[in-house]
Amino acid sequence: MSDQLVPSSSGLPAANVSALERLRARIGEAAPSTEATVEAGHLKRFAEAIGDPNPRWTGEAPPTFLVALAPASLHLAEAEEYGKGWLNGGNRFEYFEPVKVGDRITATGRVAEVYEKTGSSGTLLFIIFETDYVNQHGRTVAKLRGTAIRR
Amino acid sequence: MNLTVGQELPELVKHPTTRQLVQYAGAQGDFYEIHYDQAYAQSVGLSGVILHGLLKAGFLGQLVTDWLGDRGTLKSFEVSYRGIDQPGRPYRCRGRVTKVDGDQVELEVWGEDSAGNRTTAGTATVEMKG
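Residue numbers (the working numbering), protein chains in the order written: chain A, 1 to 151; chain B, 1001 to 1130.
List time: in silico DSSO-like cross-link candidates among lysine-lysine, alpha-carbon distance up to 27 Å:
(1) K100(A) x K1129(B)
(2) K143(A) x K1075(B)
(3) K100(A) x K1075(B)
(4) K143(A) x K44(A)
(5) K1099(B) x K1075(B)
(6) K100(A) x K44(A)
(7) K117(A) x K84(A)
(8) K143(A) x K100(A)
(9) K117(A) x K143(A)
(10) K1129(B) x K1075(B)
(11) K1129(B) x K143(A)
(12) K1099(B) x K1129(B)
(13) K1099(B) x K143(A)
(14) K44(A) x K1075(B)
Hint data in this document are derived by calculation from the structure and do not stem from the laboratory.
Please take these sequences and the hints and turn them into a complete structure.
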């Protein structure tokens, strides 16, 4: 094995290192945009699934709804070579305008960061996704930063 | 408006079931099997199905919007998932005011499992109406 390909600190098999390298090459790559209309029925099913009876959600999206409206469309096959499964590490939402029934939202996601961390349960792969949500008037309504972990 | 640092939000206790995880999987469109298929969850080293991180975020979002009502606007909301949670156990959502700067208010929010561990921790910023 070449030292250039296998950092001495990682101790990972070569296949995993190259998966990491190939993922890093995708940083900044934008996924194809997805577009969806906010529908009253979807809002209702989403609020019911959370168990949130607030009547406000009949016309407006609750704080985490955008993840359901337009899921990330970037499939990272390279990441699935790594570890056994996915975990969600965290989510950060920034809100600029309310999202209402009838709004047509375009979501564009990209890979922002890829890195490894070694902890008590072994080495984990972290992938940071960022998504911008833009409404039918061309205004950004929200941004989401999500941390996906392969373990 | 009388907000002071240290003030606690009224707590919200959820009682998630596997049925709710299936309902949430459908509503979000996240069909990862660790949230409803026991055998699959065990095959990836979990003791059973676990709550979606984003379902716990949804619970904490409800904690904040129930407290806030129409007194202001949520500007940002951030959560980290630090531990797993299983259905059939109560999930306690709590929060408190950590900063008040004019109409800008910061909150600390967290979710506790039945043993009192903070399995989800986060922050929210809100802008109160003048």
